[in-house]
Amino acid sequence: MAEPPFEIPPIITYAVPGFVLLIVLEMLYIRVFKRGGRYETKDAATSLAMGLGNRVFGIAFGGAAVLVYYWVYQFRLFDLGWTWPVLAACFFAEDLAYYWFHRVAHERRWFWASHVVHHSSQHYNLTTALRQTWTGTLGLSFIFWLPLLWIGFPPLMVLMFSAISLVYQFWIHTETIGRMGPLEWVMNTPSHHRVHHATNPKYLDANYAGVLIIWDRLFGTFVPEDEEKPAYGIVSQLGTFNPFRVAFHEWIGIWRDVTRAKSLKDALGFMFGPPGWSPDGSRKTSASLKAEWAARQAATAPAE
Amino acid sequence: MFSQLLAGFRAEAPVLAGSAAVVLFMVGMAYALGFRAKRLLNEAELARLAEAEGASLEGAVIAPDKRAAFARLGNGKLMVARVMGDDVSARIAPAAAMRVAVTQGRLHAVFADLGFPPLHMKLEETPPWLAELAQGGR
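Line order of the protein sequences matches chains A and B. Anchor point for the first sequence: position 98 equals 98 in this note's numbering, and the numbering is continuous, going up by one each time. Anchor point for the second sequence: position 135 equals 135 in this note's numbering, and the numbering is continuous, going up by one each time.
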């Protein structure tokens, strides 16, 4: 049974009024109490414009991903219907697929070219959650969910949990909420996600979770937030509020590097190597930044 | 295919128009609440940015509005800094990865890396190190 026994509401559309309300409340909180984060009009405008553009590109190209979902579903291993155990399994499977998508999106430049958009703000507030890519479908980000269709989870079920995950991840983009007690053990929280958006070397490449932080704990990418305040953005800050530059700069960078590459190996490295990879190692990657930081820490540590 | 796409946009037009209106409302609200950039650059800030890179500040020019700056670092690299809202965005690159020119009292610095927008900045004065750098074409 591929079709759901109930009508799935347009989850993201229904969530939008809540997004707006929470953004307004966050702005007022920060203005009144002068704590809990920072807002800047141009930065917020860029984030919101990216969100709107994401919707436009979604209408234009999102259908292609859905078609591929249904195409792969033809070759499914099992006929999993819309039952409660399958729904529960799909929730975990979708969240695991998200973890791996997200991790690869940070570790491989091809996917980073789309995902970098979400990290390009130097501010961290609820509008940052809406700073979304325009090129996700074109960059084939959806392939990470295809194994779920192949196993036999119905396409609409996978899409439903993807939408739920996206809505969940909205509220964690805030500095107004501190730690959340035992919830921090299992759930992705504002604290965990602040670490994910930070450029401090100790926080780089951590906390890829969507809804459940358990995947990071399981695969060794969990880093807790400590007293070091996160500095937000990307390692090479973008320096622009222009939405088009935000959307396409990394793709243009890939094109430029690939067309100037001296060999096929270099070209593939520029496309699928870690962000910052270069044949001579002259650019900075997350790994090199972390290594430099670790060396500095070791040099300044008091001798025992 | 194209007609289908067009039909999709027609069907979504009210939602997109509504979303655009909401975006304008929220941007207007941020503006009305006074969330406007106040950060200004000075030599101390530039020195801090250089130090974070493990380098010292050898020379710097700051735009008259104090919202952009260009600096030469002790390790031979060049730095462009810009105010980004309530924050500062800095890009440090080897001199070979940047084209620097000074024309009619304006500094133009273009990065080989397209990700960082070029800097076009009014100069109050052109220090000798900058003139030399610009004459070298790098």
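Treat the hints as calculated values from the structure; they're not laboratory data. Some hints could be false.
What the hints assert, rightly or not - Coverage of chain A stretches by chain B, computed from C-beta distances (three or more under 8 Å per stretch; other residues unrestricted): (1) 10-20; (2) 36-48.
To be verified - On the chain A side, residues computed to face chain B include the following (Cβ under 8 Å): (3) L52; (4) I59; (5) N200; (6) L204.
These figures come from a predicted structure and were not determined experimentally. Just so it is clear, CB atoms sit at the ideal spot from N, CA and C, and this is done for glycine as well.
We went through each hint and held it up to the structure:
Figure legend: the segment 10-20 of chain A, annotated as covered by chain B; annotation consistent (3 residues with Cβ-Cβ distances under 8 Å, at least 3 required). For the segment 36-48 of chain A, the proposed coverage by chain B is satisfied: 9 residues have a C-beta within less than 8 Å of a C-beta in that chain, meeting the threshold of three. A least Cβ separation of about 6 Å between A:L52 and chain B falls short of the 8 Å threshold, and the interface hint therefore holds. For A:I59, the suggested interface contact is upheld, since its CB lies about 5 Å from the closest CB of chain B, less than 8 Å.
The interface hint given for A:N200 is violated, since its Cβ lies 11 Å from the closest Cβ of chain B, which is over the 8 Å cut-off. With its C-beta approaching chain B no nearer than about 15 Å, A:L204 sits outside the 8 Å limit, and its interface hint is violated.
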